[in-house]
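*Asks:* Based on the hints, put chains B, C and D in the right spot on chain A.
There are 4 protein chains.
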Amino acid sequence: MHYITAGESHGPQLTGIIEGIPAGLTIDIEKINQALASRQGGYGRGNRQKIEHDQVEIVGGLRHGVTLGSPLALIVKNRDHAHWSEIMNPTSPATPANTVRRVEHPRPGHADLVGGMKYRHRDLRNVLERSSARETAMRVAIGNICEQLLAALDIQIIGYVQQVGPVKIDTEPSQALTVPQIQKQVAANDLRILNQDKVTLIHDLIDRTKREGDTLGGVIRVVVENVPAGLGSYISWDTKLDAKLAGAVMGVNAIKGVSFGDGFKDAASLGSQVMDEINYDSTKGFSRLTNHLGGFEGGMTNGMPIIINAAMKPIPTLYKPLQTVDVNTKEPLKANVERSDTTAIVPASIVVENVVAIELAKAITDAFESSNIGRLKDEINRYRQELVEY
Amino acid sequence: MHYITAGESHGPQLTGIIEGIPAGLTIDIEKINQALASRQGGYGRGNRQKIEHDQVEIVGGLRHGVTLGSPLALIVKNRDHAHWSEIMNPTSPATPANTVRRVEHPRPGHADLVGGMKYRHRDLRNVLERSSARETAMRVAIGNICEQLLAALDIQIIGYVQQVGPVKIDTEPSQALTVPQIQKQVAANDLRILNQDKVTLIHDLIDRTKREGDTLGGVIRVVVENVPAGLGSYISWDTKLDAKLAGAVMGVNAIKGVSFGDGFKDAASLGSQVMDEINYDSTKGFSRLTNHLGGFEGGMTNGMPIIINAAMKPIPTLYKPLQTVDVNTKEPLKANVERSDTTAIVPASIVVENVVAIELAKAITDAFESSNIGRLKDEINRYRQELVEY
Amino acid sequence: MHYITAGESHGPQLTGIIEGIPAGLTIDIEKINQALASRQGGYGRGNRQKIEHDQVEIVGGLRHGVTLGSPLALIVKNRDHAHWSEIMNPTSPATPANTVRRVEHPRPGHADLVGGMKYRHRDLRNVLERSSARETAMRVAIGNICEQLLAALDIQIIGYVQQVGPVKIDTEPSQALTVPQIQKQVAANDLRILNQDKVTLIHDLIDRTKREGDTLGGVIRVVVENVPAGLGSYISWDTKLDAKLAGAVMGVNAIKGVSFGDGFKDAASLGSQVMDEINYDSTKGFSRLTNHLGGFEGGMTNGMPIIINAAMKPIPTLYKPLQTVDVNTKEPLKANVERSDTTAIVPASIVVENVVAIELAKAITDAFESSNIGRLKDEINRYRQELVEY
Amino acid sequence: MHYITAGESHGPQLTGIIEGIPAGLTIDIEKINQALASRQGGYGRGNRQKIEHDQVEIVGGLRHGVTLGSPLALIVKNRDHAHWSEIMNPTSPATPANTVRRVEHPRPGHADLVGGMKYRHRDLRNVLERSSARETAMRVAIGNICEQLLAALDIQIIGYVQQVGPVKIDTEPSQALTVPQIQKQVAANDLRILNQDKVTLIHDLIDRTKREGDTLGGVIRVVVENVPAGLGSYISWDTKLDAKLAGAVMGVNAIKGVSFGDGFKDAASLGSQVMDEINYDSTKGFSRLTNHLGGFEGGMTNGMPIIINAAMKPIPTLYKPLQTVDVNTKEPLKANVERSDTTAIVPASIVVENVVAIELAKAITDAFESSNIGRLKDEINRYRQELVEY
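Residue numbers (full-length UniProt numbering), protein chains in the order written: chain A, 1 to 390; chain B, 1 to 390; chain C, 1 to 390; chain D, 1 to 390.
Hints listed in this document are in silico derivations from the structure and should not be mistaken for laboratory results.
Treat the hints with caution; some may be incorrect.
Repeated chains share a single entry, so a pair holds when one copy, or any two copies, can fit it.
With a straight-line Cα cutoff of 25 Å, these simulated BS3-like cross-link-like pairs (lysine-lysine) come out [stated by the list, open to error]:
| # | residue 1 | residue 2 |
| --- | --- | --- |
| 1 | 377 | 334 |
| 2 | 184 | 198 |
| 3 | 334 | 284 |
| 4 | 284 | 265 |
| 5 | 334 | 210 |
| 6 | 198 | 210 |
Next comes chain A alone, as it looks inside the complex:
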């Protein structure tokens, strides 16, 4: 399984192709659109999200709502393109009239400057249109298809917010809750957090930060339940599934750290505190008494819930602009201010959830014969039963 996306933030559309989804899977388009809406929501967003109301179209690989086994082609139109149809026109030649809104003052923390140097762009809009997090809408659409695949195999996944700026959501360890319980709790507020008592505090933090023209990051957690043991392998560095997941999560815009289970806390603990002792039950087979390691041993899933944490840096586009340099005159000045959010931690939690779903769907379809969803289900069930009987 592999996928690719294309499209600029204010271009006509985002386009995605994913190959390797089994034939015979019924796709619920509305679920994809709900995921896209979730990505556009959350407290602390700017105005762009009010413009877009993303809707996916599937124009390849699907017939009568069921996958064909051929590559799926997805489209998400950019409604905002109407206002940029000349400036971001793919084919009409450049003229003075359509090359306005040039970006020549690279924003610190963004791809602008290095992108310009690497690709020899002088109008840094040519960089930021692609490096923008707008692209993650397509990753969510593709990820939701993968979530539907995982659901067909009884695997549940949720991404939510564990920390906003300095405020940690102090609550009982989330792994004590099932994924459906987490889903329900985080749906009860616009911060996607487990602890309702902290909502007002964080709203206030975001409001204050916004007034000051500043931005916030946070920490995201993803939990996945009922993943079969034995995905990934210890045999080579690049067959470890936790390593692949780490790469995919770090590949989400603004993510600067990723960890499994207790993560960096493990580093400060004693061995006797962090190992998950092994238990056996004749009907369920082997399990672990705890889950400090977040569902991975030796780069393989061990049957416990997967727990991934991701650190998101604050959005670098500030209304309180930072020092930069004009790429032409080389004069120091203040960075351009593009329309921006105060914090994108809520949508980022959706995006991280979805890239995790993609990697897990990939791990499963790569490991098992996955031409058809029915055959795949049978195989996975037999494999699960075999593990119980080990």
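*Replies:* Positioned in the frame of chain A, the structure of chains B, C and D alone reads:
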């Protein structure tokens, strides 16, 4: 560029092949052996390391000490194999005499149990012989060749220890030191730490932990200087170099978290605190006033030092054994105790340094025409000059 | 560089994404459309081609006609979809009304039967809609972009017809002609052949074959000039560029054989007859006196024109239908007859030309730093000069 | 599954690593050595083969003769290295004494000249030591392991000689014979041909060619039986298994053409002549009445025997040397004569057989869950039964 390793912990040898190292690079074998020796050192190691004195042999791709451009084949013999020549014999059939020392009590925190289930092994030695960190010796050998390649391009790298168990090495931010300065300071103690004042404290911690039959993890930092801006790209999720580095670092045994620059601390900060403002100097071109982001923007190197942090969990093999279950009788009991270290944070810092070196060498040789080191040097120099003149 | 396509033959559109085209390349959309029109032409085609008049749209990666360096997204609408909007509707659920025109009699020589078995389809339309050569329209669109990239590097390419059914185009060896000369000659007839004298003969053959309800294959030749020496490598089996080209050409629908230079004729010759002796000229450097090997030695381009031959089987959809079996009743009967061509050798010559262009563009952009077309041109020119001075 | 090889022709050894062979497979080392011996045999070989008597050692991934699931490391020592231990010494610095036997007169038809230009070698021995067909010994060793895997799944394979120089082995179509029958017949002579009556004729041809200082190529055929239908896919150009096989076969030294089934003959035939009509049998399921297409439809195996043809050019190293140019003086002169064979068509047939085995083993292990050979067997059997019941 790509590489693969093979070999079991007590088998005859580790074998590695790396393809994509340019022709014409002079390889200093002694440097590789020094790196292998460093991986075997450090305070807190067990007895195995006194048995092995790793020496690399190169049996392909090298002639008269110079690379040919063809794949390099490396060998590191396992001296300990002499004691295991029957038990780990590749070809002689299994007999009662050579199938002793079976492992049937999987150790929590290791690959043992899941590996047995996945590959249908009943003697879990068949798992642990490969999942053992012994394999990282070959990654270090290959990594040192990559470091020699990077050095030819004036890129310096160092991995060292930032935290042992709960003890953080409080010192001025390491990025204020040059890589040669860091190399010198961390070579002055057997903990590979910057702050000599903490050596006794940490020695005591390790000694006490050892007496209690427990183990320690820690945090590793890698710093890389003089990397050209523009390696990696924002254009697709899987072209981001920080994502690839995160995957490679997470692929090191016992690593549970990875971050760039300020990492998880960024998540708690305001945007105005963590962005690295842009500066310009007519002779050096663009730079950043700070380096909170650890040398990456938009998944690309930005010319600032790369700073990577990795969290290592404590070694799961305890002398104070953990609960497990016999895979045959299903009786609960205590895990096997294999020969082990109290902490492997020092060697892990070498390993992480080396896998970072590999990924950077890969990023450069994949991006630039790299058949010959002389041509590659010329290209990189022209590219660097172009960036200064942007 | 890599690409993927999606879309069914009677679905709404073909979609393609290609990543790795350098920034700064001006794309001539009309050239792409001309290539698409060429793929739809040629003597011996059926009626489908009169329905489609393919036009490409680029909806990502292009701005004002110039590449951005980000992935290019291409669309070619299926005009015929209007007649199939219910039967091939991606999302509306299956009903008796929209599941007509089922295919349950697999056609020999097509993917129908095996595709049904592999993906568990009972309506084999779910197979043939994707396995249809309709998909090659997108490969041509992507290939033409690659041809425009090659043209910017002064590399010319042409694919044409060497044999139709049993009729070989006996003419002087094509490698004696330059690519522009070949382009001019083959454009003078609707068979894309070099020898005008054979046009009537082949027209008659096609007409007669059509009357008999039968079909014809043929042999295609692709010639590429001015490719720098040293693309590909002998160092590993999977770095050989001729091997990659062979895979790409064999990946074109209906191609059953591929060879380089004299190909299978080489197998019957003496070594002294087929080796291309080496010559030297102080201004041009090294060259070969002949080109029996088709521009490759040791899996590398050697600077001589690349010559590739491809054998195309006759189109398997006959009006004189073949024996098959109903997949439900298991009764023997005659295969369905879908709308078809008598020969598709002319369009296939376009498709093969284009997949060769893609692989060569990939070989160049993978080998050289290719973020920007201007930088790439400079590098290639320096490299070419270096080879002359070797 | 993937593999890589390393090692120079006169270096200490060939090294290979293959990852992805299932755990639990018993490896017969003697079978590998027999395959290595076959590669060294055949009428028309030179003296080098009398020096080498290749023996494989497995130094990783194998324990007590059974695969562990971890990467297998293989070694084949070069016995001839004893005579080259200084000239081809990996590590001792270059001196006048050990840099004799330089190659500065590139041989037409070899990688010598282009390899020198690409990698900036002035002693072309640095090229030919790796581009030599010596490397194929390791591909045979790895291929034989794959053949043992295929045999465990009841898949048989044979490669043999169909044509030597201009002499075709006129016999009944080989697909009428089973693989074991072919194996028996071709083992009865030193030309690996089916028709014993042609042995003397071809011996004479080879002897005469040798006296004249010339060389011969030929055509190889590989037949594989009992491959499950549905390997590979029509869904994308790079998922077609025939395309991958074509690449692997073209990646064998001196191969200039590859085809399936009737191959280039198909191009001259009518559609009604070359399509394989579909048949059904209630116990065996679907089959084809003929096999013109060589076991592939739509890039997928169709359950019929796979038939691959490969055209080998004559060995370019002639005792009747060809014109070349000294790379230093640029003077025209005659090419160096290295020790050589008159024809290598027999060993090449072994090599092509083995690379086909590798690709098929890869196709199967990539498609099915292949951690353990027992589980894989069960899956394949269930899959085969499902296809019968389609």
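*Asks:* Confirm or reject each hint.
*Replies:* Evaluated hints:
no.	hint	in the structure
1	377 - 334	neither (56 Å within a copy, 35 Å between copies)
2	184 - 198	within (16 Å within a copy, 48 Å between copies)
3	334 - 284	between (61 Å within a copy, 21 Å between copies)
4	284 - 265	neither (30 Å within a copy, 40 Å between copies)
5	334 - 210	within (19 Å within a copy, 55 Å between copies)
6	198 - 210	within (18 Å within a copy, 42 Å between copies)
Going through the hint list in order, the structure does not satisfy hints 1, 4.
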